[in-house]
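Protein chains in written order, with the numbering used here: chain A, 318 to 419; chain B, 2 to 265.
Keep in mind the hints are simulated off the structure, nothing from the lab.
Note that the coordinates shown come from a computational prediction; the quantities given were computed from them, not determined experimentally.
No residue lacks a Cβ here, since even glycine has one placed at the ideal position from N, Cα and C.
Keep in mind that a hint or two might mislead.
[To be verified] Simulated DEER-style distance windows between Cβ atoms:
#, chain 1, residue 1, chain 2, residue 2, range
1, B, 257, A, 323, 30 to 40 Å
2, A, 392, B, 200, 23 to 33 Å
3, A, 410, B, 10, 28 to 38 Å
4, A, 318, B, 9, 16 to 26 Å
[Unchecked claim] Example chain B residues on the side facing chain A (calculated, C-beta under 10 Å, incomplete):
#, residue
5, 14
6, 18
7, 19
8, 25
9, 33
10, 46
11, 48
12, 119
13, 125
14, 165
15, 185
16, 195
17, 197
18, 230
[As the list claims (entries may be wrong)] Covered by chain A, according to a simulated footprint, are these stretches of chain B (three or more residues, beta-carbon under 8 Å):
#, stretch
19, 52 to 62
20, 148 to 155
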Amino acid sequence: MIKKLLLFIILFYFLALIQTSFMVHFSVWGLIPNLIFFSVIIWNIFERSKNNFGIYQAVAAGFFLDIFSSKIIGFNIIILIYLAIVIKLFLKSYVRIPFLEK
Amino acid sequence: MKTSFNKKQILIFIVAIVLIFSLLNFFQKEIKSFFYSFSAPIQKVFWQIGERSSNFLSAVLGARNLKSEKDDLEFKNQKLMIQLAELDKLEEENKSLRQALDLGLEKDFKLAFAQIISKDISQDFILIGKGEKDGILENMPVITEQKVLIGRISETYKKFSKVMLISNKQSSFDAKILNQEECSGIIKGLGNLNLFLDLIPSEKEVFEGDIVVTSCLGGIFPDNLLVGKIKKVKKTDMESFQQADIKPIFDISKSRNVFIILDF
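Make the full structure from the sequences, and use the hints.
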């Protein structure tokens, strides 16, 4: 799992760089799609509800978002952890995706 | 493997997170500076690629409007040529006045050149490649080469600085309408690159298209730096002040370089 997390840390570092240097040129009506938020949401939706890896991933993603933003370190981490937990709890209670439950 | 949460696990997790956050924020400046130092070259590459791709895309998407834009630009070009001729005349006049008053160019700003490295996702901050080592201090004004105001330094690191754009919600400063000294107000940032001119006395005549420049009243920015154009005037008979929406002149997505005013 540590190997997998390390891989995601590198991935989120580059996603944060892309977000702050590349994506800023592609605003649609003043809004810029946030790749990191999108990745964390997608991962947590499709991860088995038993696993907690999506939450560790949210910490790593939030950390890099905070580093390259003007917010204090922890701001985006908390938002992403909260988001991951809400998705997990919601899916655990109300949604069953058969191929993920195997 | 059963990994569902229990109360104890969650409590330990929260306590650990709070402790780590406190520690990280205590050394926030050093940590961010460390990451910026090796990320800056990569960010520069991404910035250039993004800029090129965005230019290409906007050219493709805007192809339909090319004809009308061309006509519009030709018209503007003619207008500018007339203004240029007038400015030449004024420049000569200015030169002779400067000589007459014994005022040299050394009285102008002392500037430092810097490249934009990245833009904050909240859009109202940018990171530039000059920092404490280059004599950059907090609150120094940042402008473009056309003397258009961008913002001011909000945080400095060893080799980098954060610039709070004038459109940031925390930004406010004194401004006036160009060529109307007594018609002043306060520019407030609305976020998302939007500006707002507040506290203009209601008896003053303000028109759409009027140019807004900085005023030296607050001591934050030097006089007469370009800020934006009046987009919409909001005036009611009930209130003693009027407001106006401002369209900023700077286009941060197209700027690559900025100047920091070291002394004014």
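Okay, the hints, checked on the actual structure:
{"no.": "1", "hint": "B/257 with A/323: 30 to 40 Å", "result": "holds (34 Å)"}
{"no.": "2", "hint": "A/392 with B/200: 23 to 33 Å", "result": "holds (32 Å)"}
{"no.": "3", "hint": "A/410 with B/10: 28 to 38 Å", "result": "violated (19 Å)"}
{"no.": "4", "hint": "A/318 with B/9: 16 to 26 Å", "result": "holds (21 Å)"}
{"no.": "5", "hint": "14", "result": "holds (8 Å)"}
{"no.": "6", "hint": "18", "result": "holds (7 Å)"}
{"no.": "7", "hint": "19", "result": "holds (9 Å)"}
{"no.": "8", "hint": "25", "result": "holds (4 Å)"}
{"no.": "9", "hint": "33", "result": "holds (6 Å)"}
{"no.": "10", "hint": "46", "result": "holds (8 Å)"}
{"no.": "11", "hint": "48", "result": "holds (4 Å)"}
{"no.": "12", "hint": "119", "result": "holds (4 Å)"}
{"no.": "13", "hint": "125", "result": "holds (8 Å)"}
{"no.": "14", "hint": "165", "result": "holds (8 Å)"}
{"no.": "15", "hint": "185", "result": "violated (28 Å)"}
{"no.": "16", "hint": "195", "result": "holds (8 Å)"}
{"no.": "17", "hint": "197", "result": "violated (15 Å)"}
{"no.": "18", "hint": "230", "result": "violated (18 Å)"}
{"no.": "19", "hint": "52 to 62", "result": "holds (count 4)"}
{"no.": "20", "hint": "148 to 155", "result": "violated (count 1)"}
Taken one by one, the earlier hints fail for this structure at numbers 3, 15, 17, 18 and 20, listed in ascending order.
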